[in-house]
Every structure is written in C-alpha cells, then in structure tokens.
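Colleague: Residue-level listing of the chains:
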Amino acid sequence: MSEVFGIPIQAFLGQLLIGLINGSFYAILSLGLAVIFGLLNIINFTHGAQYMMGAFVAWMGLKYLGINYWAALLLSPLVVGLTGVVIERLCLRRLYQLDHLYGLLLTFGLALVVEGLFRQGYGISGLSYPVPKLLQGGENLGFMYLPIYRAWVVVASLVVCFGTWYVIERTKLGAYLRAGTENPRLLQAFGINVPVMVTLTYGFGVALAAFAGVLAAPIYQVNPVMGSNLVIVVFAVVVIGGMGSIFGSIVTGLGLGVVEGLTKVFYPEASAVVVFVIMALVLLVRPAGLFGREA
Amino acid sequence: MKRLVRVLGVLGTVLLAAAAWAGSGISDGVIRIGVLNDMSGTYSDLAGPGSVVAAKMAVEDFGGKVLGKPIEILSADHLNKPDVAANKAREWYDKDKVDAIVDLPTSSCALAVLEVAKQKNKITIVSTGASTRITNKNCSPTNVHWTYDTYALAVGTAKAIVAEGGDTWFFLTADYAFGHSLEKDTAEVVKASGGKVVGAVRHPFPSADFSSFLMQAQASKAKIIGLANAGADTTNAIKQAREFGITPNQTLAGLLVFLTDVHSLGLETAQGMQLTTGFYWDYNDETRAWSKRFNERHGRMPTMVQAGVYSSLMHYFKAVEKAGTDEATAVMKAMKAIPVNDMFAKNGWIRDDGRMVHDMYLVQVKSPSESKGEWDYYKVLRVIPGDEAFMPLEKSTCPLVKK
Amino acid sequence: MPARGNGRWLGGGLLLAAGLVAPYVVYPVFAMKVLCFALFACAFNLLLGYTGLLSFGHAAFLGSAGYVTAYTVKSLGFSPGLGLLAGTACAAVLGLVIGWLAIRRSGIYFAMITLGLAQVIYFLSLQLEFTGGEDGIQGVPRGVLFGVLPLDNPLVMYHFVLAVFLFGFWVVYRAIHSPFGQVLKAIRENEPRAVSLGYDVHRYKLLAFVLSATLAGLAGGTKSLVFQLASLTDVHWHTSGEVVLMTLLGGLGTEFGPVVGALLVVTLNNYLAGFGSWVTVITGAIFVVCVLAFRRGIVGEILAFARSRSAPKDP
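Chains as they are written, first to last, in this note's numbering: chain P, 1 to 295; chain Y, 296 to 698; chain V, 699 to 1013.
Hints were generated in silico from the structure; no laboratory data involved.
Any given hint could turn out to be false.
Stated by the list, open to error - Once the Cα atoms are required to be at most 30 angstroms apart in a straight line, the calculated DSSO-like pairs of lysine-lysine come out as:
(1) P:Lys133 <-> Y:Lys413
(2) P:Lys63 <-> Y:Lys392
(3) Y:Lys674 <-> P:Lys63
(4) Y:Lys661 <-> P:Lys133
(5) Y:Lys392 <-> Y:Lys413
(6) Y:Lys415 <-> Y:Lys360
(7) Y:Lys432 <-> Y:Lys360
So that you can see chain P by itself, here it is in the shape it has in the complex:
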C-alpha cells in the first residue's frame, strides 16, 4: 500500500475525515460569530458558554422531561436562542453607540456568570449524554471505523451552515440583513424594523452555538467548561478567515479542522497551537484574513 508522508494512505484518509468532523464544529461556531458580528459589530465572548448551554439544555431535557435527542436538536437552540434575545434586549442594546470593545467585555462577563452558575449546579466532572438509538454503532469503511454519529455531525452541520449561507446570500431576508450591516439607518428608513432584526439575529447566532452544543453532547462529556477553551480557538479561526464573508467562515472552519487533524498525526505536540500559529502567519501575509475585506 502506498504511503503519504510515511503513514499508510488509509490512516491518512481516516485522519482527514476526523479533521473534517472537528472542522464542522469550528464552522458552525465561527459562522455564528460571523453572523452576530456582521450586524451587531460585537464579538460574542459568550459563544463558548452558549455552546455549553446547548449541550446542557439537551441533557436536562432528557433527564428531567424525557425529551429525546431529535426534539432537543430543535428545542435546545430555541431555548438558548431565547436567552440570547433576553441578553440582547437587556444588555447589548445599551452598548451599540459605544466602542465595540465594551460588547466584548460584557459578553466576557456574561460567560463567566453562566459558567460559574453551571459549575455551582452541576459540578465539574461532567455528565454523559447517550448517542441516540438511530445513530449508534459504526461503519467499517475499510480505511477506518466511522461511528455513524460522527458522520451525522458532518452532514447536519454542513446542512445548517449552507442553509444559513443560502438564507443570507440568496433570499430577501438575507438582503435586509446585509443591508443592515452596511447601513442600518437607511434600512430603517425603508420601513424595516432594524432593532427587532438585530435582536433576532443575535438570537439566531446564539442558537447556532447551542445547536453545535447539542451535536457535541453525545461525543464529549457535557461539562460546564467545555466551551471556554474552544471559544478561543474559534476566535482564531475567525481572525484567519476574516469576518467579511459567511462563506469564508464556513470554509475556514472546515479547513482548520483538517489542518489540526493532520497536525495531530504528524506533530501531535503542536496540535493545540497550530491554529494560532496559522493565525500569526496569515496576519503577516494578509492582515485582513483570508476572506476578509480591510475595514
């Protein structure tokens, strides 16, 4: 059998696929950040906590109310998205006329509050969420054993990502959103209720994070700090991609997942920093990011 860089081609393919799976988490999360940033000009530091909340709401639904995975996939983003709407109405709304940094600081504080509360309530060692019956087991692809659930994660996240992209880039609603990004006042003059649109957009971005959380629940331990390190990596993904384009953030997310996956094979010691190193390199070559416009 042939080899790629000294490892068997099958193993290589397997690792590529694994990278893609992880990349789809990055893609959904960075997409959510990009959507929020696009309209609100806020970097949502609470994103990691909201991803965690998504997983927790799914877990609580199963434990206390017997809500199954499929319902949770819909309900959990809805619930967490609603908390997002409340946050936007009560807090973020007051900051739009100020420096964007305040939005970052506020959401950072909120992330601490949310994580602290969950830690107080559920401890730190984490909770288990079972893989739904329909997606249990796996398929032997010859070059690797692929758990069906992982395949589902890729499919589901790609559908959601490209669905979002389609809505924003190809529909009327999306056109309003893009117009709101460019010139909210003018849009308001056209009779569009911009404040409501902003609220809903934030809710939607948050719901995306929660959706990723539900997807993650059966794979990782549901744990109050599961999102806190992830969010930093996703920030780097966003810097690399540049936040100008929705499509860019999806592609960058997937691509970096693959790159990180391959690093885990060839130089596992560096796999935690590879995204940040790439970020530094991109900044040297293209400060605006791969898909970004210089603001």
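Using the hints, position chains Y and V against chain P.
Modeller: Just chains Y and V now, kept in the frame of chain P:
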C-alpha cells in the same frame, strides 16, 4: 449612578474592615485544621466540599477534643492557583494559628504549601495531590503524603495487567510533566514485567477530541491503551474509545481514575476498565459503615482522597495526644511511631520521605448487569501490598532519606 | 485645572501613605500581591486606557517574566535583581514580537489576536521542560538584593516591592504626561486624524505595547519573588481577563484607577475564596455591571463627581 458609587464605596470599606478584622484576636489552646483544596474547579467533585465533610467527621469521631482542647476546622478554596494556596497557607499558619493543613489537590499548589510549611515548621498532610515530587525532590520533614501517588496508581495497574497477558502497550499521554512522568513510570513497570511498549502519542492538555489519537492507538494493534492523563481528558478518551469501537477489542488502562470519573461516565461506557485505587467504599464492613455515614451527609460516596482526609486527621489527632503537644516536630515523630489502623488502612506506616505506606487495590469497573445499584462500580481483583505498591525507599531522591 | 492638580497630589499622597502603612495593617504578603497586580493593571491601563488597545493576552507577559525570573534565580543562581531584569527583558522581547503581529489589526481583532498568541505562550509554558509543567517552579529563593538587603525578611521584601511598584507607576505617569502620551491619546481618540497629522501611528502603538508588556513583566517577575514560585496561573487567559476587570472597575484611563481596581479584585479573590464557583459568578457580574452602568470605574466616577462639583455650570 452616584448612588451606585456610594454603595460600592461602602462595600469597599466593609471589605477592607473585614480584611483588617480577620488579622487580629486569635486565641490559642485550640487545635486548628485547615482543609485547603479546590472547591470549584477540576478537583471539586473528587475532593472539594466532600473533603471538608470527611474532616468534620474525623473531629466528631474523635470526640471534638484533643488533650482537652477543642478542635476547629477551617476550609478555603485555593482555586488551583499556587499563589493563592501559598498565601492562604501563610495566613493560616501565621495569623489563624492553624496547626495542620490537609488535602491539597493540584501538584503546584501542594508543592507551594509544602514550601511554606517547611519554613514555618508546620504540618501538612497531602491527600489529593498526586505528584511523586512531594516525597522525592521536594519532600519535607513535616509532611505526610497520605492516600496515593501517580507511581502507585500506574505501577499497580500495569503490573497486574501485564501479568494477565496484556503485554503490548500504547500510551495516550497528556503532554506535560505530569503525563510524562505517569507514562515513564508505567512503561518501566511494563518492561520490567516482560511487556512491550509499542508506541505513544502525546496529546495537548486539555483536549476535547481524542478520535485522531485513538485511531493511532488502534493502528498500533497494542492490546492495552494506557491513559496517562487525568480528569476530563481521561473521561473524554474513554467515551470516544467506545464510540470508535476500540473497546472492547483493546483494553483501556486508566492510570489516574477516580470513583467520581466512573460515576460521571456511567458503567455502560466505563465497564471493563482496570485501575488502582487506595480505597473503595464497598471493600469491607468497616469501609461500608463509614462510607454510608459519609453518603448520608454528602449525598455521594467517598472517593479515596476524601476517605484519606478522614484517616489522616484521625491519625494526626492520635499523634497529638501521644506527643502531648501540637508542636510539629514532636507530632510528626509520634505520627511516624504509631501504625495507621482504621477503616482506611491496616498497619500503614509513614516513611522518612513522608510516604504513608498502605495497601492499594486493583479494581475492575463492573458491567451494568453486574452492578447492584448506584455507586456499585468496582470489583476488587487484587490487594496490592503496600511495599509493592509504592516507590521503594531506596529509589527516593528525597534528601531526608539516609542511605 | 488647579482642582484636578490638587486631586492628583492628594491621590499620590494617599497612595504613598497607604503603601507605607499597609504592611503593619494587613498581611504583608497580601499587600505585596496587591502591589504586583496594581503594577500589572497600571501597565495594562497604559495600553487600554490611554492608547485604546484592548489586549486580551497580557497574562503572557506577566507569566513568562515570572517563569524567567524564577528559573534564573533558582536554577542559574542569578541574584534577585538580575533575575528580575532577565524576566522583564524577556517580557519586553515577547511584547515586541506579539505587539508587532497584533497591531496589524485594530479593535476587536487586536483583542482576539493577542488572546490567541497568549494562548501559544500558555501551551509553551505547559510543555517546556524548564517551567515544570503543572508543578510550576517552586521554592525560588528570594536571596539578597544588591548584596545588602535580605529579601527573606517580609518587611524588607515589602519595601522592595513597594519601590518597584512606585518606579513602575512613575514610568507610566511620565509616559502619559509626555508628548508621547499625548500622541497615544490622539490615537485613541481618532486614529485617522493622528495619521493625517503625520504621526507614525504603528510605531507609537508598538512602543506603547512594548512598554506595557515590559512593565507587566516587571510585575510578574516581582510576583514570582514574592511568592517564591512561578506557575501556569499567571499565563492563563483568566489572568488576562482579571487585569481587564481591575482596570475597568478602578477606572479606565485614570492614573489611580488600576490601583484601586487591583486592590478590590485581589481582596475579592482572597476573602471570598470560600464561596467556590460564586467567585466566578461575582467576577462576571461585576464585569457586566461595570460595562452597563459604570463605565468610568470607581476613580473615574469620583473624578467626574469632583469635576461636576467644581464646575457646576459645565453641561
């Protein structure tokens, strides 16, 4: 806005006043024990508030008094920050006249407090801290390392597994000093027992996704995958090993796994795994009786380190009684002179390097059908005698050991 | 302006008096910790408060300087002064590299980039051999400063830390009130205008960044001597968040704000430590309250109050 300023101003004054007040008016004639651990972070479930409960039980079981003087328990959260730990320890020893500090999770915090205690000639008893540095390079004449260390866990598990035919190993190692030393200690034992290490992969700490590393482990065709990591890393690795169909074809060996980890994973996922522990609640009548009382108060069965806190304090009180003083050197001498005999340990003894030597247990996680109820998780495969479980004294690099 | 000038002298006097009395009132190590963080926050404030750059990775400088100082003093046998110098120099170099990369973007991107690069430093600290990983570097001897001052004596150590702090504070003060500081403020208020006035904005930003990193390093090195250890805590991004909180709570862009903020946050951490996760919740809540209702911070509000008193007709 102005009112807010005023309120915050008052708050600040109160805080400062509280700070000043805390520094004065300490009576002696009291035995004070400080439980310093992690109340909110990584170790809060396996030690945390449960260790405080265990300490309080020790005080009650001893009658609340030593040498006619009352015993008091203080507790604080070191947030896993060594500077906070060291600061609190100094304050406790200097201002609050604390006589002994116990528990001490997180190696960096434990080592920091040890340094302080060494300077001040005060007692420390480490229960949750795992590093072998505590009884080697950084050993202290006034410290006892009570419950376990990384060496004991790794060695006990590795020896037994190789003896049963698990002779090829692949390591999944957390890429920092702790993981490295766990891997090294285990690999040595595997080789010495006639096994072979076929490979290792070092994953960043912390990691959430282990699929890539697990596939490398799978490709190695090793019979045993040794998990040289801890906490969430271990539980995530175990969970994903099951997902990728690696278990039960290959067996996992957890080198640092606690009862709470198994509890959080569930038996379905964790079943079949072998590990070493210093205490199991369902071992005999004595452990059951004590653990039942603990469970009634804390709502969870005790981990080995919580049981260790109880045991170490009972022993400490006995030693104070024997020494007739709470002066550290005399107490330590008494602690080393009396054998440890309680529900936690039989004929345990404390070596010159501060290691408390006692039997450890090799256990296997039950399958869901074997388990008869909540917390019925382990079956004890083997009792590892203390002399075999811990690093031999000849190998210790502790300067206090006379060779 | 005379009222403000008086206020400044008053503030400085109070600060000095508090600094001199502190070790006799509160626990000296606690007071030293406050001073270290106060210096750290002042350094940070130079960047955020006066240049408008939010670095979310300042822990990298605090922590790496701590490691270098601890390592050189403990393992290479440097004197404490020399070790401190080595640590500070290391932070300066690191500041140059990170700053050079980060100033390519501004605003939120700048914050995210500094956070990302600081994360690299964190992982390096975890993996490199000399840092001792999770164990950290322990038992660092305080030694004898300049061959005469025994730092093992708590009071001597305290006064040394106080001197370091005052030096750092003075540097920040001088920087703010120099033409250099005026340019920084101009950049903060309106960067394009500063560019059009012919200032090399990038150079000024980088200079401010390096200066801030260096002082943060000085604080970190001092801290490692105070606690006689260096550990991962100081490079963790939580510490970066904490210094933002200190500055924000005390008052952005005020000279004494960071000091007040550091005092409050360190006190909070120390005396609420028994409350478990509530500390995190409270910290987060303070952040939220500060941002929503209280953006000037404590000192900022007091100054605004004093100003409204002295000039009641001012709109």
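Colleague: Against the structure, test the hints numbered earlier, and report the numbers of the ones violated in rising order.
Modeller: 1, 2, 7
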